[in-house]
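Chains as they are written, first to last, in the UniProt record's numbering: chain C, 1 to 371; chain U, 1 to 371; chain Z, 1 to 371.
Not one of these hints is a red herring.
Within a straight-line C-alpha distance of at most 20 Å, the following computed SDA-like cross-link-like pairs (lysine to any residue) qualify: (1) C:Lys300 / C:Arg311; (2) U:Lys300 / C:Val308; (3) C:Lys217 / U:Ile127.
Read the hints as simulated data drawn from the structure, not as lab findings. Every value quoted in this text rests on a predicted model; they were computed, and no experiment measured them.
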Amino acid sequence: MASRGFCRELYSCIFDYSTPRIALIKSRKVGVMNRLIQLGILAYVIGWVFVWEKGYQEFDTVVSSVTSKVKGVAVTNTSALGTRIWDVADYVIPPQEENAFFVMTNLIITQNQTQGHCPDLPDQSTICNSSHDCIPGFISTHSFGVQTGQCVAYNETVKSCEVYAWCPVENDTELPEPAFLKEAENFTVLIKNNIWFPKFNFSKRNILPNVTTSYLKTCLYDRMHNPFCPIFRLGSIVSEAGESFRDMAIQGGVMGIQIRWDCDLDKKFSKCVPRYSFRRLDSRELDHNVSPGYNFRSAKYYKNINDVESRTLMKVYGIRFDILVFGTATVLCDVIVFQFFKKRYYYREKKFKHVEDYDELSGNEEHGSNP
Amino acid sequence: MASRGFCRELYSCIFDYSTPRIALIKSRKVGVMNRLIQLGILAYVIGWVFVWEKGYQEFDTVVSSVTSKVKGVAVTNTSALGTRIWDVADYVIPPQEENAFFVMTNLIITQNQTQGHCPDLPDQSTICNSSHDCIPGFISTHSFGVQTGQCVAYNETVKSCEVYAWCPVENDTELPEPAFLKEAENFTVLIKNNIWFPKFNFSKRNILPNVTTSYLKTCLYDRMHNPFCPIFRLGSIVSEAGESFRDMAIQGGVMGIQIRWDCDLDKKFSKCVPRYSFRRLDSRELDHNVSPGYNFRSAKYYKNINDVESRTLMKVYGIRFDILVFGTATVLCDVIVFQFFKKRYYYREKKFKHVEDYDELSGNEEHGSNP
Amino acid sequence: MASRGFCRELYSCIFDYSTPRIALIKSRKVGVMNRLIQLGILAYVIGWVFVWEKGYQEFDTVVSSVTSKVKGVAVTNTSALGTRIWDVADYVIPPQEENAFFVMTNLIITQNQTQGHCPDLPDQSTICNSSHDCIPGFISTHSFGVQTGQCVAYNETVKSCEVYAWCPVENDTELPEPAFLKEAENFTVLIKNNIWFPKFNFSKRNILPNVTTSYLKTCLYDRMHNPFCPIFRLGSIVSEAGESFRDMAIQGGVMGIQIRWDCDLDKKFSKCVPRYSFRRLDSRELDHNVSPGYNFRSAKYYKNINDVESRTLMKVYGIRFDILVFGTATVLCDVIVFQFFKKRYYYREKKFKHVEDYDELSGNEEHGSNP
Numbered sequence: 001m002a003s004r005g006f007c008r009e010l011y012s013c014i015f016d017y018s019t020p021r022i023a024l025i026k027s028r029k030v031g032v033m034n035r036l037i038q039l040g041i042l043a044y045v046i047g048w049v050f051v052w053e054k055g056y057q058e059f060d061t062v063v064s065s066v067t068s069k070v071k072g073v074a075v076t077n078t079s080a081l082g083t084r085i086w087d088v089a090d091y092v093i094p095p096q097e098e099n100a101f102f103v104m105t106n107l108i109i110t111q112n113q114t115q116g117h118c119p120d121l122p123d124q125s126t127i128c129n130s131s132h133d134c135i136p137g138f139i140s141t142h143s144f145g146v147q148t149g150q151c152v153a154y155n156e157t158v159k160s161c162e163v164y165a166w167c168p169v170e171n172d173t174e175l176p177e178p179a180f181l182k183e184a185e186n187f188t189v190l191i192k193n194n195i196w197f198p199k200f201n202f203s204k205r206n207i208l209p210n211v212t213t214s215y216l217k218t219c220l221y222d223r224m225h226n227p228f229c230p231i232f233r234l235g236s237i238v239s240e241a242g243e244s245f246r247d248m249a250i251q252g253g254v255m256g257i258q259i260r261w262d263c264d265l266d267k268k269f270s271k272c273v274p275r276y277s278f279r280r281l282d283s284r285e286l287d288h289n290v291s292p293g294y295n296f297r298s299a300k301y302y303k304n305i306n307d308v309e310s311r312t313l314m315k316v317y318g319i320r321f322d323i324l325v326f327g328t329a330t331v332l333c334d335v336i337v338f339q340f341f342k343k344r345y346y347y348r349e350k351k352f353k354h355v356e357d358y359d360e361l362s363g364n365e366e367h368g369s370n371p
Numbered sequence: 001m002a003s004r005g006f007c008r009e010l011y012s013c014i015f016d017y018s019t020p021r022i023a024l025i026k027s028r029k030v031g032v033m034n035r036l037i038q039l040g041i042l043a044y045v046i047g048w049v050f051v052w053e054k055g056y057q058e059f060d061t062v063v064s065s066v067t068s069k070v071k072g073v074a075v076t077n078t079s080a081l082g083t084r085i086w087d088v089a090d091y092v093i094p095p096q097e098e099n100a101f102f103v104m105t106n107l108i109i110t111q112n113q114t115q116g117h118c119p120d121l122p123d124q125s126t127i128c129n130s131s132h133d134c135i136p137g138f139i140s141t142h143s144f145g146v147q148t149g150q151c152v153a154y155n156e157t158v159k160s161c162e163v164y165a166w167c168p169v170e171n172d173t174e175l176p177e178p179a180f181l182k183e184a185e186n187f188t189v190l191i192k193n194n195i196w197f198p199k200f201n202f203s204k205r206n207i208l209p210n211v212t213t214s215y216l217k218t219c220l221y222d223r224m225h226n227p228f229c230p231i232f233r234l235g236s237i238v239s240e241a242g243e244s245f246r247d248m249a250i251q252g253g254v255m256g257i258q259i260r261w262d263c264d265l266d267k268k269f270s271k272c273v274p275r276y277s278f279r280r281l282d283s284r285e286l287d288h289n290v291s292p293g294y295n296f297r298s299a300k301y302y303k304n305i306n307d308v309e310s311r312t313l314m315k316v317y318g319i320r321f322d323i324l325v326f327g328t329a330t331v332l333c334d335v336i337v338f339q340f341f342k343k344r345y346y347y348r349e350k351k352f353k354h355v356e357d358y359d360e361l362s363g364n365e366e367h368g369s370n371p
Numbered sequence: 001m002a003s004r005g006f007c008r009e010l011y012s013c014i015f016d017y018s019t020p021r022i023a024l025i026k027s028r029k030v031g032v033m034n035r036l037i038q039l040g041i042l043a044y045v046i047g048w049v050f051v052w053e054k055g056y057q058e059f060d061t062v063v064s065s066v067t068s069k070v071k072g073v074a075v076t077n078t079s080a081l082g083t084r085i086w087d088v089a090d091y092v093i094p095p096q097e098e099n100a101f102f103v104m105t106n107l108i109i110t111q112n113q114t115q116g117h118c119p120d121l122p123d124q125s126t127i128c129n130s131s132h133d134c135i136p137g138f139i140s141t142h143s144f145g146v147q148t149g150q151c152v153a154y155n156e157t158v159k160s161c162e163v164y165a166w167c168p169v170e171n172d173t174e175l176p177e178p179a180f181l182k183e184a185e186n187f188t189v190l191i192k193n194n195i196w197f198p199k200f201n202f203s204k205r206n207i208l209p210n211v212t213t214s215y216l217k218t219c220l221y222d223r224m225h226n227p228f229c230p231i232f233r234l235g236s237i238v239s240e241a242g243e244s245f246r247d248m249a250i251q252g253g254v255m256g257i258q259i260r261w262d263c264d265l266d267k268k269f270s271k272c273v274p275r276y277s278f279r280r281l282d283s284r285e286l287d288h289n290v291s292p293g294y295n296f297r298s299a300k301y302y303k304n305i306n307d308v309e310s311r312t313l314m315k316v317y318g319i320r321f322d323i324l325v326f327g328t329a330t331v332l333c334d335v336i337v338f339q340f341f342k343k344r345y346y347y348r349e350k351k352f353k354h355v356e357d358y359d360e361l362s363g364n365e366e367h368g369s370n371p
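The shape of chain C in the complex, shown without the other chains (with noise of 0.2 Å):
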């Protein structure tokens, strides 16, 4: 008896079926109201989290690579180095790098540096009077060599310490103003930068597919005119940031060139363009001056006929251009749209991938299939 009974609850536990009890209100106002505080949270989903947030979309996160290519040609004339011509394998150091290039625009020279014995630099810790006021073996913070204890005359007037080091050690308190190559401003860097969103399999180039061979070779981007053109003019980078190049030729620095490609692949494939916009990346520190800007030291060695090492030090200033690449993706998150879709836009990117129509990219028409 008591298992029958078990029975019996567990039977219609399981399948009855409870629900709220309702009372219908037959009142115009409470209904209206009722209706308004619906529409009020409908609208919100659909126009917060839809259409804003874009709560119906899959994203993904973009892989890219960057390659670039300086080209220009300067000439200094200097006592130092007389008339010289700077070309890109001059300037341009390491030769190459992975999502920055490096442009020099400033130049502290010392030639045929050899290693031995010579004063230093005369600052506070290295000015002497005599050799009791140099330690052998002591290396001052901002000297190239170690002290020998001597105390030895710099020019006519000073003297100082003795340094085992690369003689003669380099003279950085005058920095040439105007820069040295102040014509870097000119030259001009194609950026090439290939995307690639994995989880949708979708891949684009920043050289546009309508872009013909003969508008790259004479186009020079510009935000209004030519905002599509992968060649820039280092000055225009640096003057679109809100800064002045040749402010920043002096003591360096480095700029940010950002790319952003938000694409909505629902739309045409045309539609997925770079967008370049350009940012100071260090701060100018106006309130400190321990290492302001960009500048580092390089040295090209030889050897004289008697086998003796020699190298010409540079302290080479500029700007190091750091490529930044952002970006994201979105589909329709809908299982049968995007199955749909993926057919699609390959078939767009097979369509529009040999068109040449300018319009297609200067244009701003309104989006058509917005599905």
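Chain C is already provided as a structure; the job is to place chains U and Z on it using the hints.
The following block gives chains U and Z in isolation, referenced to the frame of chain C:
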């Protein structure tokens, strides 16, 4: 009275319990439908949220370090250079990079350049009949020098504007085909990749603990037979990506070596292994001939006996290999299990580190301990 | 009539308000339990979602630029090189990198290499008794030359196969121990890091506004006493990561310098500070001796009086320091507060920028204005 009424009101507002009145429908049809809908929701939550989207797990992304070492020697025999051997110090430029390495495959070399005056490379803007065609101070887009205003003989038939430049100027009109260093196809590279998941303090490297030194000395990556050997033949990397090394070597390009670590840290330590895949990152650009492939200019500087600087200019074509490390680690979100797990995988790490068991790697057995 | 009935139906469907009928249970026990459960849910929402997970805040990740500058001089005295001084242009290779810098700590140097014929370094595959053991055109795995087919004397006791290579070939069997440039332990590096949170247009740098130039000239990072000094002793970086610099200097390795910016932008501008941590990124690989540590080959090229090219080959061991910048910024999600806040932190930025107040940094006072 009013206050007392308010108190009672408040009391009943706080402690009265309002619940919807329930109607119990004893219909088997309705009951079954109700349960089916509930089962559907349950199946969705468990199937989609938990099993498919792994909503119960905690994620972490990877911190990675990559070093690479290329090996290989090539011999070339050209009229300009004679018989010459190329080793790693010659063809990897710069000698080290952070997450990439570059291997020279083709080369246009211009030896013994010195600063001076010489005829420019003839093209549309530099060919001249008389000095009137040349503008002093003009820098042609493709030139590496500044025009002096003279028109001089480039060879017996052609005259071109004289430039002040590194002379003689580079002639890059003819690119060696097949590529100068086509033997680079057989060079190998050892890639060392260490990963770390900060949230779980889990680290591993791509030289797996069960790999012996003798195996490392002889193995070569093969997707089928040696999927965990960290030594790659450059030719195989390119062909795995569906490209031809011989073609790519001529103009250069950018290859991506993708290392994917998707680790379910609830599983065995030995199940967390790298998966390699390869992809050409630049596009072949069949429809554009402006600066296709990948090349840059690099120079070696010399000084002769009279202290005059000369240089060897190299227009270096080659393949840059970008190593891209992706990865996520997942762990059961349950805090208790997590605590327990932490010790367990630590124990496993200790236990499995020095065991050399090839089966663990190559086998494809079912995951035994799914908590 | 039917239409009129339909209209009334529709009207009542739209404007009738259905609500569950409520049963009011006037039981104190049930009422208290009900409120307790509600309080629990409320506590969970506020405590977990808001306070712990910070669900009310908007996040943003960091865009960062890093430059570094190494300082230090070392003197070495070896039979091969004599007394020699090493400065930054000698030991940092390449001279600049994007988010990393490399410091040489050990060196195998092979001077005056020229292309020619010489005996290969004897090992299992190159030791020979007669020319029959050597295969013309064969390239041994560890060799840097092509065998000519001859068997020649390497030294008085050993014969090895002759190779066409850069001669004499490098002998890297004996690695200097202690490391050649063990003084690198005392070198220092100034790291300049600028960050930017694009969503909030908030930027800051690791040289904090209250740091004076004189402090920067003398300070040295110390986790306890100078946690915001951006100048690091290389030896300290390695020891903070729990490694021995002397050991690491011999074979080389990869160190990670992590800079973490976790900024709650609702707090004071001066509370958003960098946290430094250090970590060895490669593993010590005690159980593998194939290419442990970190090294690469670099060469300096010379030309002698007869225009014959020679080179100095350097097998450079050293430590690559990868600078990894992490960071998130959070801001109250509430739009009104956000608008208000934007002005406020702008104001703060202005206000605090030029104040030099050490207390702000070193102190650990309570956050005053928690909105």
